[in-house]
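Peer 1: Make the full structure from the sequences, and use the hints.
Under my numbering, the first residue of the sequence shown is numbered 981, with each subsequent residue one higher.
Read the hints as simulated data drawn from the structure, not as lab findings.
One or more of the hints may lead you astray.
Claimed, not checked - Below are the DSS-like pairs computed for lysine-lysine, each with C-alpha atoms no more than 27 Å apart in a straight line:
| # | residue 1 | residue 2 |
| --- | --- | --- |
| 1 | Lys1450 | Lys1291 |
| 2 | Lys1441 | Lys1291 |
| 3 | Lys1358 | Lys1316 |
| 4 | Lys1525 | Lys1378 |
| 5 | Lys1066 | Lys1155 |
Stated by the list, open to error - Have a look at the derived ranges for each label pair, beta carbon to beta carbon:
| # | residue 1 | residue 2 | range |
| --- | --- | --- | --- |
| 6 | Tyr1444 | Val1355 | 17 to 27 Å |
| 7 | Lys1129 | Asp1377 | 32 to 42 Å |
| 8 | Lys1378 | Gln1011 | 31 to 41 Å |
Because the structure is a prediction, the values reported are computed rather than measured.
Just so it is clear, CB atoms sit at the ideal spot from N, CA and C, and this is done for glycine as well.
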Amino acid sequence: MLTMEITRLIERCRQGDADALGELYKAYARQMRAVCRRYISDEQTVEDVLHDAFVIIFTSFDSLRDVGRAEAWMTAITRNVASKCKDHLEALPTVSLEETSEAELIAAENEEKDVRGVPLSEVVRMIDRLPNGYGQVFRLSVFEGMSHKEIADMLGIEPHSSSSQLARAKKMLRKMMQQYWVAGLLLLLVPITFFLLHKGETTVKDEKPAIAKQKGMPKTPKESPTERPQEPVIVTLPVHRATFIATDALQSAIAQAADSITADTLSTMVAQVQTNPNATATDTLRKVEIPQYNMADLFLNKPTISTNGDKKWSLQLAYAGQFDEQNRYNQPFSFKPTPSDAHSLPGPSPSPIIPSSIDNWTDYASYLANNPEAVSDKTRSVIMRIVLNNANKSDEDKILRTSRHQMPVTWSLALKYRLNRRIGLESGLSYSRLTSDFEMGADGNTIREQQAIHYLGIPMKGIYNIHGGKRWGLYGSLGLTTEIPVRSTLHSDYFVNGLYEASDKTTIRTPWQWSLGTGLGLQYHLTPNVGFFVEPSLQYYIPMKTDIETFRTEHPFTFSLPLGIRFTW
981 MLTMEITRLI ERCRQGDADA LGELYKAYAR QMRAVCRRYI SDEQTVEDVL HDAFVIIFTS
1041 FDSLRDVGRA EAWMTAITRN VASKCKDHLE ALPTVSLEET SEAELIAAEN EEKDVRGVPL
1101 SEVVRMIDRL PNGYGQVFRL SVFEGMSHKE IADMLGIEPH SSSSQLARAK KMLRKMMQQY
1161 WVAGLLLLLV PITFFLLHKG ETTVKDEKPA IAKQKGMPKT PKESPTERPQ EPVIVTLPVH
1221 RATFIATDAL QSAIAQAADS ITADTLSTMV AQVQTNPNAT ATDTLRKVEI PQYNMADLFL
1281 NKPTISTNGD KKWSLQLAYA GQFDEQNRYN QPFSFKPTPS DAHSLPGPSP SPIIPSSIDN
1341 WTDYASYLAN NPEAVSDKTR SVIMRIVLNN ANKSDEDKIL RTSRHQMPVT WSLALKYRLN
1401 RRIGLESGLS YSRLTSDFEM GADGNTIREQ QAIHYLGIPM KGIYNIHGGK RWGLYGSLGL
1461 TTEIPVRSTL HSDYFVNGLY EASDKTTIRT PWQWSLGTGL GLQYHLTPNV GFFVEPSLQY
1521 YIPMKTDIET FRTEHPFTFS LPLGIRFTW
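Peer 2: Now the structure itself:
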């Protein structure tokens, strides 16, 4: 193809034109396939390597600096991928199938399916969700076995940049796997809840006391009117949770009462019946001391928490930490200048017009030149050098910013009061810290910012006990939280041509935050008064009118996993 045609085709590819990608593949697939065949003889493997090479080519156009050398650049990528594949195949150990047992084959198959308990297909999807640069470096390093120097030469980046991107990719994958397990835990809690509820309902139905009436009971002699009639004695059996009227079938009563009456007493009862066959069972049982039982102890499976039935208060300490982050790379950004008092004063000449937003470096340089009070005296000259260096770039004048928002860290101390066996109210105090990192600029002329916001919150929750037992409890929660910002800072570092020049720290104004939340909690009773709990929760943060970006503005719906300890009395 002509150089002009290649240039136009690659420019279309950079813009994401699918047709252009297809045309590039058709134009060079045959030539690149021949490169692969120099290293690999198996035709199927050749096709796989060709596919991988074009994937790297399609995702690496930003590293192609000279379009005129596009063909050599693509050939180098294909050669490196094929060479690595060849080295990998030669290093693989081979074992005869006759020497491998069926158990070993099954174990190997299962090992390939899962990675730390996560299905391999899910891991592949996680890798596809990585940012382009991270995913590229991860595949080349992990799948192709390339060194950071080789990756840097292929992608046109520095070796330390390759190492940094690989570390961040692994960190993001670990967090994705944690989210996968948390989602699995929630799915597991749902059937457990329904099982416990169904078991509780079945137990309540079976807890109706029954009075067994025996047929064929011998009639006792008619008593005179002056004599007080003998009432039947009811024997309470806590093991079976039922009451029985004593009859002549004494051996049956003995067998059923074996868990609550001593063996010596049973022997005495049998001896009395054998020596006096005319005595009724009632007369015999009246001579035996029948133990007294609390009727409340007869019901082992109660519909609510039995261990805390008389406890009204509980105090809990909980923590919800970071297991996720929201990253946005090279997104358009606009400065929003704030008019100063100087421009509102009357004067002989009109004040310069201040735009509502600035989205390119040239306009920002003009704004700083006309409004020197917009930044501090300490950093004015450094910021102007950074802005001018970025504005003088011929290829890109738009202001782009990379954002990294960490999930909040929250500590909470709450007090709960139980209104009845099912419903309770909870309130207390919480502390949350939100951190974010921003970076603007290129080629070492950058502004790096660290934002930290500290909130003090007051949660109000309603608690509903779904199920309670001696060891485990399940409950649901619904509530509203009000958070007040107590401290908000923005720390800025300025770099010119890759060298640190200055820093600045300012206070930012942050509005109050309201949120709605619901959760499903599972508690393990370590003792009757102490328990550990986990409460997977979903919060919705009501949007506020502010330009401040945080994890919550990017994720209004946020999943968290509070863990804690609860004391009950």
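Peer 1: Give a verdict on every hint.
Peer 2: Hint by hint, here is what the structure shows:
| no. | hint | in the structure |
| --- | --- | --- |
| 1 | Lys1450 / Lys1291 | holds (14 Å) |
| 2 | Lys1441 / Lys1291 | holds (19 Å) |
| 3 | Lys1358 / Lys1316 | holds (21 Å) |
| 4 | Lys1525 / Lys1378 | holds (26 Å) |
| 5 | Lys1066 / Lys1155 | violated (33 Å) |
| 6 | Tyr1444 / Val1355: 17 to 27 Å | violated (54 Å) |
| 7 | Lys1129 / Asp1377: 32 to 42 Å | holds (33 Å) |
| 8 | Lys1378 / Gln1011: 31 to 41 Å | holds (37 Å) |
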